[in-house]
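Position chain Y against the provided structure of chain Z, taking the given hints into account.
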Amino acid sequence: MNKKRSRLEIIRDILEVIKSRNGRIKPTHILYKSNLSYNMMEEYLEELIKKEFIVVKEEQKNKTYAVTEKGIEYLNKYKLIAEFTESFGLS
Amino acid sequence: MTYFYLVPKWFLKFSIGIEIFFAVIALAVALFAIKIYSISRQREIRLFGVSFFLISFSYLISTLINLAVISPTIIRLAQLTTSNIARLGVVGIFSYTLLFISGLITLAYTTLRIKSGKVYYIILSLGLIIMITPLIIVTFLYGPIEFRSLYTILLTFRILSVFLLIFILYNYVEEYVRKKNKKTLLVVVAFFFLLTSNTEFIFSLAYYEAYIIGHILEFIAYLFILLSLILTIRK
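The listed protein sequences derive, respectively, from chains Z and Y.
269 is the number that our numbering gives to position 34 of the first sequence; each next residue is one higher, with no gaps.
841 is the number that our numbering gives to position 147 of the second sequence; each next residue is one higher, with no gaps.
With the rest of the complex left out, here is chain Y:
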C-alpha cells in the first residue's frame, strides 16, 4: 500500500505493478485451491482458498485506490479535492488492511486444524476488533478520519500481521520437519520472506527505504509461492 508522501515518486508506479503481481499470484493459488476443493470436498482446502482470495482482493483494492489517488485523470473526472483524496486513501488502506488481516487469520485458523466454526469467528472478530479499536480512539481524540489516522491503522496492521505470520511460519516449519517435502520448504521460505517484509514495513512509517526493501522481500515471497504452485500443477 502506498503511504503517499513517504514513498518516493519513482517507486510509486512500480509498487502498483508489483501489487498487481501479488494479487494475481494470490488469486491463482485461491482458484487452484477451490478447484482442488471441488474434487476433494476437504474443509481446510476451502478455507485455504478463501484466505488467498481475501489476500488477493486486499491487493486489488490497494492497487485501485493507489491508481485513483495518483492518476490526474481520475482526480479530474471524479473532481476530487485534496481532503477527498486523503479520505479515499484512508478508506482504501483501511479496506486493504481488514481484508489482508482476515486472509491471514483464515490461513492461521486453517493451520490449527480445528473443526469448530465458532473458534474461527471468535479469532476473526478479535482480529478485526484489534484493527478497528485504535482507529475509533484516534477519531474520537482528533476528529473525523484523516491522514493522521493512517499511521495508527498501519502500525496496528503491521504488528498484527507480523504476529500472525510468525504463527503461520512456525506451523509450516513444523509441517516441513514432519514431512520433509521440498515444496513445503518453498512455502516455508515464502512465508519467511513475507514475515521479514512485513517487519520491514513497520519501519517504513519512518524511513521510505524500508518500504522499498519490504516490497522487494514481498516480491521474493510471492515468487516462491508461485514456484510451489507451478511444481504442484506440473506433477
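With the rest of the complex left out, here is chain Z:
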C-alpha cells in the first residue's frame, strides 16, 4: 500500500501535473492526475493561487491553470524544502 502523501508532496504533484501540460491544464485533468477528491483538489488549488504558485485563466467559459515563477521555484527547491521539513519534524 502507498504511504500517505504529505502536504508538500501533494503540492509538488499538482504543480508537476500543471507544468507537464505546458502550464495549461483543466481542473478535471488535475483531479485525475493528482489523485485527490474534488473537494481536496479545490482546497489545494485555492491555496496555490493564494500563494501565487499558479494562476487561473478563463477562456470561453473554460478554466485552465498555469504554473508561475514561484511555482517553478518551489519545484526546483522541493528537495531542500522536504529535507528541512522532515529533519525538523514539520512535514
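Don't read these hints as lab results, they were simulated from the structure.
Please note: incorrect hints may appear among the correct ones.
As the list claims (entries may be wrong) - So the derived label-pair ranges between C-beta atoms look like this:
| no. | chain 1 | residue 1 | chain 2 | residue 2 | range |
| --- | --- | --- | --- | --- | --- |
| 1 | Z | Q295 | Y | I728 | 38 to 44 Å |
| 2 | Z | E287 | Y | F861 | 33 to 39 Å |
| 3 | Y | R928 | Z | E287 | 57 to 63 Å |
| 4 | Z | N270 | Y | A900 | 45 to 51 Å |
| 5 | Y | I914 | Z | R240 | 56 to 62 Å |
To be verified - Residues from chain Y that keep clear of chain Z, each with C-beta distances beyond 10 Å, as calculated:
| no. | residue |
| --- | --- |
| 6 | A727 |
| 7 | P766 |
| 8 | N778 |
| 9 | S789 |
| 10 | I817 |
| 11 | I906 |
Glycine included, C-beta positions come from ideal geometry on N, C-alpha and C.
Quick look at chain Y alone, frame taken from chain Z:
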C-alpha cells in the same frame, strides 16, 4: 543566564561566549527556515523560524545584560550603582525568560499542526501570564523588583521550560518513530539534551555546579541542532 553570585567567576566569561554560540545557531536555523518559507509559503515553517528567532534574541539579550553587568568599563561609563546593576540584571533575566518561553510556546504550537491563530494567542498569553503572575505577587509582597525576585522568575521559567520541552520532545519522538529519518533523530537527541539542561538549571538555584553542567548539556544540544542543519543544507 548568569545568576550573579551563584556562578563562579571563572565560568562567567565562558558562559557568555557559550550563549553567543547558542544565539548564532538559533539565528542560523531561524534564517534558514525563513528562506525555506519564502519558497514554500508553508505556515508551519514560518512559525518554526519565528520560534528560533525568539530563542536567538533571548540569548542575545542575556549576553548583552551579562556583559553590561560584569564589564567595569560599562558600569563606569553608565555610572551604574549596585542597586542599578541588580535591577538591570532582573530586567535582563525577565526579558530573556519571556523571549525564550515565547519561542518554546511557538515551537510547541507548531508541532500541534493547528491552523487556528486564536489557539496560538491563547497558549502564548497563558504562558506569559504564568511567567508574570509570580513576579507581581513577589513585588506586591516585598516591594519593588529586586534581586529576590530573580529566584521566583527563574524557578517559574525553568519549570515552564521543562514542561514545554517534554511536550516538544514527545512530538519529535513520535515524528521519528513515524518517519525513521536520521536527521529527525538528531533533533530528538538535541531536544533531549535541552530538556536535561533545563532540568539541571532548576537545581542551579541551589548549586552552582548544576549551572555549569546545564550549560554543557545545552552546548551539546545546540551542536546536534547545528549538525542537523548542516546535513540538511549539504544535501
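Verification of the hints:
For Z:Q295 and Y:I728, the Cβ-Cβ distance of about 42 Å falls inside the hinted range of 38 to 44 Å, so the restraint holds. Our hint of 33 to 39 Å for Z:E287 and Y:F861 holds, since their Cβ atoms are close to 35 Å apart. For Y:R928 paired with Z:E287, a C-beta distance near 30 Å fails the hint of 57 to 63 Å. For the hinted restraint 45 to 51 Å between Z:N270 and Y:A900, the CB-CB distance of approximately 59 Å leaves it violated.
Between Y:I914 and Z:R240 the beta carbons are some 35 Å apart, a value that contradicts the proposed interval 56 to 62 Å. Interface exclusion of Y:A727 from chain Z breaks down, the closest Cβ pair being 7 Å apart, not more than 10 Å. With 10 Å as the threshold on Cβ separation, the claim that Y:P766 sits away from chain Z holds: the shortest Cβ distance comes to roughly 42 Å. Look at Y:N778: its CB is around 41 Å from the nearest CB on chain Z, clear of 10 Å, so calling it non-interface holds up.
With a cut of 10 Å on Cβ distances, Y:S789 stays outside the contact zone with chain Z, its closest approach being about 26 Å. Taking the minimum C-beta to C-beta distance to chain Z, about 18 Å, the non-interface status of Y:I817 holds against the 10 Å cut. The Cβ of Y:I906 sits about 29 Å from the closest Cβ of chain Z, beyond the 10 Å cut-off, so the non-interface label holds.
Of the numbered hints stated above, those contradicted by the structure are hints 3, 4, 5 and 6, listed in ascending order.
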